[in-house]
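Novice: The lines below spell out each chain.
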Amino acid sequence: MRVTRTAKAGTLESNDIFIMVSPSEAEVVNLELQSIVLAQFGRQIRETILKTVAARGVTQVSIMAQDRGALDYTIEARVETALDRALAEPGVIL
Amino acid sequence: MLFVPGNNPGMIQSASVLGADCVILDLEDAVSLSEKDSARKLVTKALRSWSFKSTEVTVRINPITTVYGPLDLEAMLEVQPDILLIPKAEVASIQAVESRISAFEAARGGEAVRTKLFALIESAAGVEYVHEILESSPRLEGVLFGGEDYTSDMGVARTMGGMEIEYARNKVAVACKVHGVDAVDTPFTDVDNHEGLLADARKAKAMGFTGKAAINPRQVGIIHKGFAPDPVEVRYALRVLEAMEEAEAEGKGVFSLDGKMVDAPIIQRARQMVALAEKLGMVKASNVSREGGLV
Amino acid sequence: MHGIEFEITPASGKTRRQPLPEYIEGYGEVRAFEGAFANVGVGISDHRPRRSKSVRPGQTKLLASIEEALDRAKVQDGMTLSFHHHLRNGDHVLNLVMEAVALRGVRDLTLAVSSIFPVHEPLVALMDAGVVTGLATNYMSGPVAKAVSQGRLKKPAVMMTHGGRPRAIECGDLPVDIAFIAAPCSDPYGNCNGVSGKSACGALGYAVADAQYADVVVVVTDHLAAYPASPAEITQTMVDYVVEVPSIGDPQGIVSGTTRITRDPVGLAIAHKAAQVIQASGLLEDGFSFQTGAGGTSLAVAAELKNMMKEAGIVGSFAAGGITGYLVDMLEEGLFRNLLDVQCFDLRAVESYRDNPRHLPMDASMYANPFSKGAVVNQLDVMILGATEIDLDFNVNVTTGSDGTIMGGSGGHSDTAAGAKLAMVVTQLVKARLPIVRRHVTTITTPGETVDVLVTDHGIAVNPARQDLIASLEASGLEVVSIEALLALAESMTGIPDEITFSDDIVAVVEYRDGTVVDVVRRTK
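Protein chains in written order, with numbering that gives the first Met the number 0: chain A, 0 to 93; chain B, 0 to 294; chain C, 0 to 524.
Once the Cα atoms are required to be at most 27 angstroms apart in a straight line, the calculated DSSO-like pairs of lysine-lysine come out as:
1. C:K272 / B:K52
2. B:K170 / B:K204
3. A:K50 / C:K430
4. C:K272 / B:K224
5. C:K305 / B:K224
6. B:K170 / B:K202
7. A:K7 / C:K430
8. C:K309 / B:K224
9. C:K430 / B:K52
It is worth saying that the hints were derived from the structure and are not from the lab.
Pulled out of the complex, with its shape left as it was, chain A reads as follows (with noise of 0.2 angstroms):
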């Protein structure tokens, strides 16, 4: 499945991720992580998003993640919202 309109979820406060999802060119999920713990959780903050992704049966979308400290329930929570968001029709409350 892939993703044909921009959408975002969380914020930059503390323990939050802001994710922005947006149309991908190639066939990939390509995810640009930043993140104020990216030397200690960087790797499973990624795997997480990743995985939350696959689950939801996407593979093509762009991923920008700025991450402030979230926890995996978060960061799951964030990137759903925005995938759900990107892949809803327009005009349907979600």
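Put chains B and C on the given structure of chain A with help from the hints.
Specialist: Using the frame of chain A, we list chains B and C on its own:
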């Protein structure tokens, strides 16, 4: 019961250390319309993975008459928090929630949903029909009275003195007593006025409320203080329970203390008082069973 | 290279993260830490001879410029220059002096600065150019700390403590060639203080050992008073030269307006718990002594104590440290008989230091030097401490962030932990996904044997060596959990952090207050 905005992970994560007996993860007024989906998703995930330790978790869903309410309810049925707080509670809305939960149970082969309900009574009709509302679902464990929306519905001003909500508060407290459920008083909105809050909490206790809502963590300690039992009463309650144990050991059915007969209601009140006093650290823990007020 | 393997806490049998080398290039032979009190109270400690010289009647000390002072002091390659940090992030003097030094083509200098702040950014260029090749400090933050972490200082920086620095200066481990004393007020003969003038900073406690033991002492002031200036925290007999400059510092950066108690509900909840621990310890009675940091949560603990002391009618003996307006309030309300002040953090503290005879000065050596006939820290009942990390042995890291870069340093942390009857670390269990409790801290600043209690929002842990304390807390109804349980809880929330990889290059040596080495900081990859 401490209100916590549902779309804020930092606040959700600190909820259980703030001393409240119960936190309300709010999907309604604390969340803007454009973020309803985000908050719903975050709270659902939190309830699945985050431990709130011994703090009870309530979720205030959106009114069942909005497009969001039913979506919130569906999500909550999957994770089953301790309590769902139903806003704009009236007979129809409570019944709608009740029947959806029952249908959910039926679809799962009768496996009971553990979640209880609290009715947020915040309208004139809600106050007038509080008995009918309390009768419309066996899952109802309490009422939270919402003074701000109630006065708005009544078209009157909300004042510090609170004269305009006195009847409503009394009615709600009495109705809850009749139905054996908790009565939680409306929040005190002047967050910096600590004396005002303490006085208001004491007033709520005197009216028969079993707890009070808080909209800011700094209010939690003060509300507990306002509902704290009088030490003289606590001492008497401890003596009642001591005397009761002695009487039981001696095989006596009834007994007296200070020349007065001690019967079941007095023992019940004594138990509640001691449980609350223990919780507040006024006495050391013992084997007394827990029942008591909450924030 | 063979390393020395040893145990920080022999009782627990647990070893540190990585053994220490025996020798470090740019530092020398490593005397490994042997125990908090292994070298303290052991014998006579000899002092470096105090150089003096004769100044004849009619000779003037007042010089026209910093350049002239550098001429007279004969500054040359390889020297050690010292500065104090009482002007904090508003300091102009270090940069002024070093600019002049660099212009003369002098190189290979070691700077002994009691603390380094972001305002000292120009040092980075001097480090890259080889003008400054060594640093000895008790705390560093900002661009200099970052540059040191990146290995841009030729020799490893030596991180000391507020008590270890005067020890080192006094006994000659850190021999100072020229000391520059930034003084808010000085007379032309060198009597100076920090309470008058436009750049008033209050106490000058960190400058005293420098003034006493440096070969040449230069006072730099922006407020020349008539002779004799009073009070004289540093006296004329210690001073060689006096230079007046337009401004020694920016008042905005010198003292923050007033320091405030935290409004964060979690911080307040933790402070409340900490106060309950103090009460349960039995130490809160008449004569109580106390010290705390200047952070919002630490002040909140002071606020709770204030209420408890008022309610019980307790009068404490003293509060010490870096002094804030909050402690001044407690002094004025009669809750403490005295304040012992090594530095002033805000304007209220400066004014009280100037005006209240019960607000007493305390120089760094008196405050915390373990090789003296008894430091003030020995008299402390309770000390409230922070932590970047704390491990299963209760070792505390306040030197590096958990990403391995230097962002602080002991300051008075190790000293007060060693001296206080009850040393409490007060912190959230997790901060923005970073667990504060670790299996091993990234860098050991303060050894666990001196740390008694950890108070977090998720529970209280007590050092197993303090069974007496565990008993007291439990008797008061406080729940005590193991630090292992707190680690498990933290990791269940955040996941287990990946290990930071370090190169072999040592960028800093962490010295304990007695001059032994307690850890090293390596460059992150």
